[in-house]
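*Asks:* Now for the letters of each chain:
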Amino acid sequence: MAIGSEPRTTGKLAVPIGTDPVDPSRAPGTRIEGRSLRQVAWRRLRRDRGAMAGAVVVILLILMAVFAPLIVDLLGHPPNEFHQDTIDPATQLPEFRFPFGGFSAEYLMGVEPPFGRDIFSRIIYGSRISLLIAFLATMLSVVLGSTMGVIAGYFGGWVDTVISRAMDVFLAFPILVFAIALAGVVPDRAFGLSGDTLRIVLLIFIIGFFNWGYIARIIRGQTLSLREREFVDAARSLGARGPYIIFKEIVPNLIAPIVIYSTLLIPTNIIFEAALSFLGVGIRPPTATWGGMLSEAVRYYTLPHFVFWPGLAIFITVLSFNLFGDGLRDALDPKTR
Amino acid sequence: MAGPGPRPGRPSRPDIVVTYLGRRLIGAVLMLLVVSMVTFAIFFVVPLVAGGSSENLAARYVGRTAGSEEVADTAERLGFNDPLPVQYGRWLKGIVAGDEYDLGPSVERCPAPCFGYSFINRSPVWPELLDRLPVTLSLVVGAATIWLLAGVSIGVLSALRRGSVFDRAAMGVALGGVSLPIFFTGLLSLVIFSYGLGWTAPGSSFTPLLENPAQWAYNLILPWVTLAFLFAAIYARLTRAGMLETMSEDYIRTARAKGLPERRVVMKHGLRGALTPIVTIFGLDVSLLMGGAVLTESTFSLPGLGKYAIDAITTNDLPKVMGVTMLTAFFVVFANLIVDIVYGVVDPRVRLG
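So the sequence lines, in the order shown, correspond to chains V and F.
In the working numbering, each number is its position in the first sequence, counted from 1, plus 123.
In the working numbering, each number is its position in the second sequence, counted from 1, plus 727.
Accuracy of the hints is not assured; some may be wrong.
[To be verified] Cβ pair distances, simulated, as ranges: (1) F:756 / V:175: 49 to 57 Å; (2) F:820 / V:314: 29 to 37 Å; (3) V:185 / F:1003: 37 to 45 Å; (4) V:175 / F:820: 54 to 62 Å; (5) V:175 / F:876: 44 to 52 Å; (6) F:1008 / V:356: 30 to 38 Å; (7) V:285 / F:811: 19 to 27 Å.
[What the hints assert, rightly or not] Calculated from the model, a selection of chain V residues having no Cβ within reach of chain F, i.e. all distances over 12 Å: (8) 187; (9) 357; (10) 364.
These aren't lab readings, by the way, just hints derived from the structure by calculation.
Cβ atoms here follow ideal geometry from the backbone N, Cα and C, with glycine treated the same way.
Whole structure, please, built from the sequences with the hints as guidance.
*Replies:* Now the structure itself:
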């Protein structure tokens, strides 16, 4: 594709400073105060209520994951502890005296059949797995994708051809089927790891590794158009060489798209992890994961709340990240609004 | 880009088309080769790298927990000890020309296309894949029709009435839709509509279309709607963004300026520009789902390709998983090829660029 069809400007530079609504508090005739691009973006973001709500929930979720042991200590029971007294031995379901599946002050979201594990604690602990894997997998994709994208876009020629083909291949991969296969073929002990640690590392690697093509494509396009810009020419005519141009002239202008697309990749990866655990090829029981809880809930469809809580947890988390990511994109790159 | 009119020394139009098609075809074959290498690596190299021996591998493939001597013997006979390129070559040859497996007491034949041989069922995988294909095909075609119609029309309306109540409501629902995993919406809709209200079939049954079309649709309506909901949300967001961008292009202003009716401006000029990226994504989405709508099928217990793969993982019957993986890759490469060809024929810039 011709360079002309690429977006001509990066998100950061595209902010048309003059179009920002005039601050009504400013008296007419006073001197116009200069604002940095970051300030402009921040003002836009702060005015976006959806994005701010998303950001608040995301921060709360991160705090929840970090302080999970503390929260569970105060309000719940250890996530893998059995509470057979809450389960009716005849039906294997939570006892009748606990309505809505054993919901009570002691068990804030009820208990899980058939062993009476505390759903609240498992939801809280599930957030740790979900966020940890999503964050690290996203980081892996972003590092791989940005590096490849910058290299392909800056150097062009056969380097670009090879990397672009690799991107195509990765974008065309049936990722879910591959991930299932990979998660399925790795033995219980491998690479000197075992148990949950092995599964977590494996999932981070699988999810991160299969997603880099998407970011690489965006970054390549941006680099391609940045490379031809006047300020890069200016730097070059002053004698700047490759590494200086890449790190001082191009990469700073790529920060905005990288931040936007990593924020939007996190929710995708949360769903990805949940899907693998739901299918039984992710984190293995009894470790609490939202996907795993959903797949166990299938057997108790007469009591929908086992489906409800983990589903709600995934929904709220993913929605908040999406809201925040959309807002961030609108704030940094007004063209897409 | 090309200037107007023919230039000397430039090949005539049919030649360009043929070269373009030829290049795409070669590209597709190369892509298949790469994907097949990766597939092979996942199933045969990764376990070795992860610390397994060829004997473990044989045990997992042959599905026996019998004596180690027997497993070692089987591993040797099935060629698990051969160098990896040899094994890869044999596997590739099997797909093209068929293969034979020496199981000791008997030699089993796996005719072409040999997408693997299940040692647990003692049968080739390919016929089973063919059995499962109609289920996945029915699911995907039905859902794709719904989501394409719903998603694109909602996206267009939203873009045209940007900021209206309809736009805000539709985009709110769409944002919710993309944030809900299919296995959650699927379970919820099963709980509500099947087990609760009894309106629809509780899944796990598939009736071929030709046998009883009404029953076919009745069994599939819930999976269709659930799957379509997710994708309609994605497509509505994409279409809206695309429409907003194209409608602010100069050629739209030109079309309006020369007095075209608004309807024509939107349908012929606006939508056309906005739909081009949608077509690419649609081709990719449909082909990926064709290789197994794993999540939908396992949520609704539909006996399609995806369910086949996931069931095989739980019974450790890896050749089946490998077969599905490879088949999906075929679909994806094939769909990419078709999308490329359609583009090349419709849009001359793509062909020459």
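*Asks:* It remains to establish, for every hint, whether it holds in the given structure.
*Replies:* Verification of the hints:
In this structure the hint that residue 756 of chain F and residue 175 of chain V lie 49 to 57 Å apart at CB holds, the actual value being about 51 Å. The given range of 29 to 37 Å is respected by residue 820 of chain F and residue 314 of chain V, whose C-beta atoms sit roughly 32 Å from each other. In this structure, residue 185 of chain V and residue 1003 of chain F meet the distance hint of 37 to 45 Å, their C-beta atoms being roughly 39 Å apart. Between residue 175 of chain V and residue 820 of chain F the CB atoms are about 60 Å apart, so this pair conforms to the stated range of 54 to 62 Å.
Remark: the range hint 44 to 52 Å for residue 175 of chain V to residue 876 of chain F is contradicted by a beta-carbon distance near 35 Å. For residue 1008 of chain F paired with residue 356 of chain V, a C-beta distance near 35 Å keeps the hint of 30 to 38 Å intact. A C-beta distance of roughly 23 Å is found between residue 285 of chain V and residue 811 of chain F, which places it inside the suggested range of 19 to 27 Å. Every beta carbon of chain F lies more than 12 Å from that of residue 187 of chain V, the smallest distance being close to 18 Å; the non-interface claim holds.
With a least CB separation of 28 Å from chain F, residue 357 of chain V remains clear of the 12 Å interface cut-off, as annotated. At the 12 Å boundary, the C-beta of residue 364 of chain V stays outside the reach of chain F, the nearest C-beta of that chain being 31 Å off.
Taken one by one, the earlier hints fail for this structure only at number 5.
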